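Engineer: Based on the hints, put chains B, C, D, E and F in the right spot on chain A.
So you can see what is in the structure, the chains are spelled out below.
6 protein chains.
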Amino acid sequence: MNMMKHMHIVLFIVFLYTSNPSFSYANDICVAETNINTPSGYECKPQDKLTVDDFVFSGFVPGEIKKPFNVKLTVVSAEKLRGLNGLGLSAARVDIGINGTVAMHVHPDESELLMMVQGKVTAGFVTTEKAYVKDIKVGDVFVFPKGQLHFLINSGTEIAIAFVAYSSSTPTFQFLDDLLFGKNHLNTSIIAQTTFLDVAQIEKLKGRFGGSGSG
Amino acid sequence: MNMMKHMHIVLFIVFLYTSNPSFSYANDICVAETNINTPSGYECKPQDKLTVDDFVFSGFVPGEIKKPFNVKLTVVSAEKLRGLNGLGLSAARVDIGINGTVAMHVHPDESELLMMVQGKVTAGFVTTEKAYVKDIKVGDVFVFPKGQLHFLINSGTEIAIAFVAYSSSTPTFQFLDDLLFGKNHLNTSIIAQTTFLDVAQIEKLKGRFGGSGSG
Amino acid sequence: MNMMKHMHIVLFIVFLYTSNPSFSYANDICVAETNINTPSGYECKPQDKLTVDDFVFSGFVPGEIKKPFNVKLTVVSAEKLRGLNGLGLSAARVDIGINGTVAMHVHPDESELLMMVQGKVTAGFVTTEKAYVKDIKVGDVFVFPKGQLHFLINSGTEIAIAFVAYSSSTPTFQFLDDLLFGKNHLNTSIIAQTTFLDVAQIEKLKGRFGGSGSG
Amino acid sequence: MNMMKHMHIVLFIVFLYTSNPSFSYANDICVAETNINTPSGYECKPQDKLTVDDFVFSGFVPGEIKKPFNVKLTVVSAEKLRGLNGLGLSAARVDIGINGTVAMHVHPDESELLMMVQGKVTAGFVTTEKAYVKDIKVGDVFVFPKGQLHFLINSGTEIAIAFVAYSSSTPTFQFLDDLLFGKNHLNTSIIAQTTFLDVAQIEKLKGRFGGSGSG
Amino acid sequence: MNMMKHMHIVLFIVFLYTSNPSFSYANDICVAETNINTPSGYECKPQDKLTVDDFVFSGFVPGEIKKPFNVKLTVVSAEKLRGLNGLGLSAARVDIGINGTVAMHVHPDESELLMMVQGKVTAGFVTTEKAYVKDIKVGDVFVFPKGQLHFLINSGTEIAIAFVAYSSSTPTFQFLDDLLFGKNHLNTSIIAQTTFLDVAQIEKLKGRFGGSGSG
Amino acid sequence: MNMMKHMHIVLFIVFLYTSNPSFSYANDICVAETNINTPSGYECKPQDKLTVDDFVFSGFVPGEIKKPFNVKLTVVSAEKLRGLNGLGLSAARVDIGINGTVAMHVHPDESELLMMVQGKVTAGFVTTEKAYVKDIKVGDVFVFPKGQLHFLINSGTEIAIAFVAYSSSTPTFQFLDDLLFGKNHLNTSIIAQTTFLDVAQIEKLKGRFGGSGSG
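Residue numbers (full-length UniProt numbering), protein chains in the order written: chain A, 1 to 215; chain B, 1 to 215; chain C, 1 to 215; chain D, 1 to 215; chain E, 1 to 215; chain F, 1 to 215.
So that you can see chain A by itself, here it is in the shape it has in the complex:
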């Protein structure tokens, strides 16, 4: 390479753009616009409007761990960190107070990877054939495969903190108690017939989780 070659390079860049006016340089980034949602994610923000703040979320901070579950769950999905859109990734910070529990739940379309930041938990998921349960501590990583019912219990003597990642940009949370006894008001007789729980047990938990729908 001689020097003469290099002297023209800035000029070249200009020509390149002139001859390819609609050429898209960074189209594989699709930051969410929140007004239109599709099965693959939200509408893309135009590339020339992107800023670094589309890729940063600043809310993984301590906060009041509310009774009675003693849990604080901070989820960062494509709605809050718009740069996640279309990338198949999201995250959450979970703070579990002493004696606290992240109750039995399922993410219908996400696997979850849990990384302990502080404290100890008993983590587990259940399949029909086996219960996979283990006490984990700082330094441990635990994976919950997609669509499996799972839980966390603080098994230590301090607040437990974990960072978790999900394999979609818009994870959803279906807590078993909300599904069976919550404000979706699923009919008590249906619950009894399809779970074999006693009606008294169902009504008791509906009282706690906000459900009605007796019958």
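Just so you know, the hints here were simulated from the structure itself, not pulled from any lab data. Mixed in with the good hints, there may be bad ones.
For chains that are exact copies, the list does not tell them apart, and a pair is met inside one copy or across any two.
In silico DSSO-like cross-links for lysine-lysine, where the CA-CA straight-line distance does not exceed 30 Å [stated by the list, open to error]:
hint: 1; residue 1: K134; residue 2: K120
hint: 2; residue 1: K183; residue 2: K66
hint: 3; residue 1: K204; residue 2: K80
hint: 4; residue 1: K66; residue 2: K204
hint: 5; residue 1: K204; residue 2: K45
hint: 6; residue 1: K130; residue 2: K49
hint: 7; residue 1: K45; residue 2: K66
hint: 8; residue 1: K45; residue 2: K67
hint: 9; residue 1: K130; residue 2: K120
hint: 10; residue 1: K120; residue 2: K80
hint: 11; residue 1: K204; residue 2: K137
hint: 12; residue 1: K134; residue 2: K66
hint: 13; residue 1: K80; residue 2: K67
All figures in this text were calculated on a predicted structure; none of them were measured in a lab.
Structural biologist: Same frame as chain A, now just chains B, C, D, E and F:
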């Protein structure tokens, strides 16, 4: 767990929602709005507008089996059962009258699973190397892999009924006779050159299937 | 096209194969060999070993509907219908006796499409925000989106029969009672802490569903 | 950055490998081993066995264009260019002699992008509603969407040459004449019933394309 | 098949459409409308508005090969050839003048398949463990796996021309010099700290590629 | 539900298994066997051999932060945490000493989500059009879209620790200095021609990163 813990649970639920106002619980469901279509499917209906009827279709019913093919095909895709959107599933009810035929066709982007409900058919698909053909009856299931040319012939003595499932939410049907001789008006000389059919045969079938486009 | 051209065609076919000896004509079909399994499905059977029976399953037949659930479930996945491998489709026949129930369950990685063949059922799935429940009958189709907890109850006066399709070739079934109270032997205190069910209720259902694991 | 820092860098690299002995640097490349095939492609060759020749194919060369079709088709799929495995890409060189034709065919699971290198062709694909046909020449690019029946006809006065790309690493070719009249030996009465072609026409083309299977 | 049957076929077609008014025949084709973009691609143009020109691009033509790089790159993505939308394919024509170079670059989400049309190039991509470099000529095909840094150098004595295909419909180009020294104005001290290049070298190349951002 | 019904349930479970002997309950979990690798991941371990330790990794622990980069990178991919196989998730713990840097690199097939655990970093990625750079601290989350060149610099006064998640189960790391100047021994003249770096600069960095390959 003691009773004191449980007494606070309803309160907790309220706090949870207050501190996460934009938290989406069921976003993996994307019921179709029909006005905007993308490669991954239609725009999602807002979650709070969903009803059970978005997940139900009531048209798998008997109907007049029209001559001359003696076939009635009832397709339920995301356009009709909007809850199918983005799920990679759809279905059809096929009624084939006596001597009826579902003629040679291809689904460009779907595999198909056929379950017999009544009667008997000869089902088959063809690859360059082998023809896979079998007489099937009530109790049988037949799979047609994606993009293969296939057919059904009523081989029994009553109306044959089958339920079929497709591996996309918007299946498409390309009947060979429509493609070659139908209202797309493909030029006769092109057909002759690319299929080696005789011109007389092409013109005869164009007369039957609505095609013109001689040349 | 004149006749001279056509006289040479058979000869051509021979040449084509000679010059492309490893050319695969039907490789998009990957019929399962059952010994090696991967995230995308089973190892493919060689194309020259395929027969039509790789694409047919003949077990969607009536059978004894066993008490106490009064349900008979016949699943056809890639293990039984090897042509399903890699196609993202499978199916089941469900027979539900009078008063029978397909109890609350989840398919961790499949959507489900239900087509009624005989009788009536109450079908439903539950999200945190709403319960989607409907009485459906012959002629109706119902879709259960991926990963949602759902159920069927025979609401008629005869055996109910449905054909269902799943959006994967190897569907899995996680019945809630098996998960919580079954032979996976999940510890009673964990169940109590993560579901808020009473210990007495848990022990009662463990007695019925085969679970032990007290503690 | 001062010089002292840099003096240790080679040492560092050694340490990095020592502390992460199983660390995989280039695992997203999965060059085909041909003995095990799965729905997602062939088994991967170990990374330390890869050479540049796994990524090069040298057969896009002129050759004898055989009568009677006057076509030479050179396909490069993952079987021949093993670095294509798992990448969703493959290619072909098509040479079409004067009056030659790439007859009506379908790729069951691939879209195709055609780039003219020499000469002129009439290219087209057909859907039920419309025939998309155009004369194209050097400088033109034509896309055939996945699973659509399509063809090429040399419409110029010299050999036409095109390079085509496919959206899978193992494209398959289903020529309509081979499917209907070829060595798969599909039964003549089935062809007649499902295509409405005359028996005489079918028998005539079976004579040319190697099919038997009368009945 | 007797003649009576055939006489009614045209009539049938009419009935078919009447009883299925919203039936979509070709929905697997999703030609881009350019106003709405999503992770899976652009909004679909309505099927009844499609023309053959949605599937043709006519710009793979010679043009002025600009100094100083001596390269002319003509990309055809879904923005220019709207029928590519959603199909996972696109292409480019690359003309490299004598002594010209397609400098080190990466396509963040695409594999690339290169087919030589004229001349000779040295092609290569680099992984941490090995550099895969080869002199290729007309008749050769080279595959660059997804996300790998790669380059082309004209190693012949005439203009080199290649056609390339990409495994997405909207490929993006990230040239290393543009990334490090270009108009994105990445801070010089950050470049120095994260690449170990000398500040003088960085400033020299920023002068050539348009970057500022010293610090 | 009356009591008589429940008394038979254990018996039912036995019958269910007897009548469906090959019924797979948890096949959507595909824990890696390390001997066979495919584009979709490793061969699955048989379900009856799974233990909870297939889903746990215990190595996210502090360790010696080696000079000269002052970085310790602990990656947990499907090779180490075999339950990750096929789930599209993996993770790493990154410890960056004072003045340390995670140098410019790219993951060819993964997006990355970074969650700060301790300290402060300057994080960034670069596209041709813009550099996205920000100082982030404990409580912040940063997303690097797939295939983009990116980096981290410890900008605080203590060791910085971050947990990161990747959108594949087998992430790969391509550090720019290793690619250009490392043990892959890319030829100096090729580097000069394709990056416009001065030969003296190239040779200097080859001395540091282990590369030879002059020419």
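Engineer: Each of the hints needs a verdict: does it hold here or not?
Structural biologist: Results of checking the hints against the structure:
1. K134 x K120: Close inside one copy (10 Å), not across copies (32 Å); limit 30 Å.
2. K183 x K66: Within one copy only: 20 Å inside a chain, 35 Å across chains, cut-off 30 Å.
3. K204 x K80: Close neither inside one copy (36 Å) nor across copies (40 Å); limit 30 Å.
4. K66 x K204: within (22 Å within a copy, 32 Å between copies)
5. K204 x K45: neither (48 Å within a copy, 35 Å between copies)
6. K130 x K49: Classified as between; 11 Å across copies, 50 Å inside a copy.
7. K45 x K66: Result: close neither inside a copy nor across copies, 36 Å intra and 33 Å inter.
8. K45 x K67: neither (39 Å within a copy, 35 Å between copies)
9. K130 x K120: within (23 Å within a copy, 34 Å between copies)
10. K120 x K80: both (28 Å within a copy, 22 Å between copies)
11. K204 x K137: neither (34 Å within a copy, 33 Å between copies)
12. K134 x K66: For K134 and K66, only the intra-copy Cα distance (25 Å) is at most 30 Å; the inter-copy one is 32 Å.
13. K80 x K67: within (25 Å within a copy, 37 Å between copies)
Violated hints for the displayed structure, listed by number in ascending order: 3, 5, 7, 8 and 11.
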